[in-house]
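Number of protein chains: 2
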Amino acid sequence: MATRKYEQRLRAEAAEETRRRILDALYQRLREAPAEPVSIDRIAQLARVARPTVYLAFGSRAGLFDAVGADVLQRGGFERMLQASAHASAREGLRGGIRGVTEMYAANRDVIRVLSSMAQLDAAAVGGATQRLEQGRASGMAHLAQRLADHGALRPDVTVDHATDLLWLLTSFESFDLLYTGRKLSVDKVAKALTTTAEHSLLQ
Amino acid sequence: MATRKYEQRLRAEAAEETRRRILDALYQRLREAPAEPVSIDRIAQLARVARPTVYLAFGSRAGLFDAVGADVLQRGGFERMLQASAHASAREGLRGGIRGVTEMYAANRDVIRVLSSMAQLDAAAVGGATQRLEQGRASGMAHLAQRLADHGALRPDVTVDHATDLLWLLTSFESFDLLYTGRKLSVDKVAKALTTTAEHSLLQ
DNA sequence: TATTCTGAAATACAGACTGTCTAGCGAAAT
DNA sequence: ATTTCGCTAGACAGTCTGTATTTCAGAATA
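Chains as they are written, first to last, in full-length UniProt numbering: chain A, 1 to 204; chain B, 1 to 204.
No lab work stands behind these hints: they were computed from the structure. As the structure is a prediction and not an experimental result, all values here were calculated from the model. Don't take each hint at face value.
Below, in silico cross-link-like pairs of lysine to any residue (SDA-like), each with a Cα-Cα straight-line distance of 25 Å or less [to be verified]:
hint, chain 1, residue 1, chain 2, residue 2
1, B, 184, A, 147
2, B, 189, B, 79
3, B, 189, A, 142
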């Protein structure tokens, strides 16, 4: 029963590539028809893979959606963006932060839309994908609000808590999408509208 | 084969009552577990009704959700509220409109959450329920923005279009819920936060 | 009271989907 | 040459939607 050494190279690469192909198929499917239900079978066909292979690679339907969520976060550089906004001056951080999330939302609009809707309807259906995104944003906005207060940039009648609440609202995907999809504004105009709203409401 | 006259009284009432019982069961189900998938079978059991009866009364799963959406609109008095806000002065209309939708959202939070999420994931799954709500709100906000402009209440750097966009954002269910559920603010604080944001950003 | 109508129950069925299991192929790794 | 393992193919149980059929009980009529 002595299992002999077995270092993978090509095989591991091939496995990683089918994983990638399945994820890409899901991306494609979501982009082409974001308002239609998604079946694992169709994803498998799109990826030219047998259906059980999807379960082999991602464990479950929820695992697949969780993975696509993690992929969006990583590709979009969400963490990096939040940290970058913390390096500039407080006022610059506000502008840059809003612009950063806006562009990231725009680049992945369909995927994020589906993930967050699924999370609302069935908490177990997407793993922790959206929770991770939300949590990072929550602490990021609390941090930004505190920095604005420390710099004396907030209006006198605005508390740190209230600033956090409003930043939470204005940097949400939902706010972006209400203007981008709902009002058909360009990415640029959405970022501008959200930024000026934050500035008018929070800054001196 | 001459069908004889047949005026219903008790029978129609009984039918209306089972319809009502099914709707109430769905309300109850959504309130008790808003983040779990809803099966028609469970709704039927809750309403103490056979599953085919649900299809008899509402035609389809989509028909049931469409009906519950219409019910929320009617009970919540959404139309009436929008019109009422149009009677007061423009500034009063802004305050009253935001407070009105906020209270209506709070009273039906779970149902609206599920309906709007379902609409995002599968356009055909809820009939026109959410579309009707959105459309009324869109024209209502355009109207309110125009009135504010006519009264010279808008900041000089704010166009009617921009005011419409921002009102659209701030009176959305998503904005309400981001603060109410996401930030755990009370209904009163949500209304206040949304109102002051609108006033700071739009009014002179 | 006898007859007719009809809302609802009970049951069964087709079809789509998820998730799991088995057997086996074929190419990579030794 | 032999072992390993990613993947396929096929089948299966279980859950869900939506529909069709039959039957019953009670309301509406005469």
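Quick rundown of the hints versus the structure:
no.	hint	result
1	184(B) with 147(A)	holds, 22 Å
2	189(B) with 79(B)	holds, 24 Å
3	189(B) with 142(A)	holds, 18 Å
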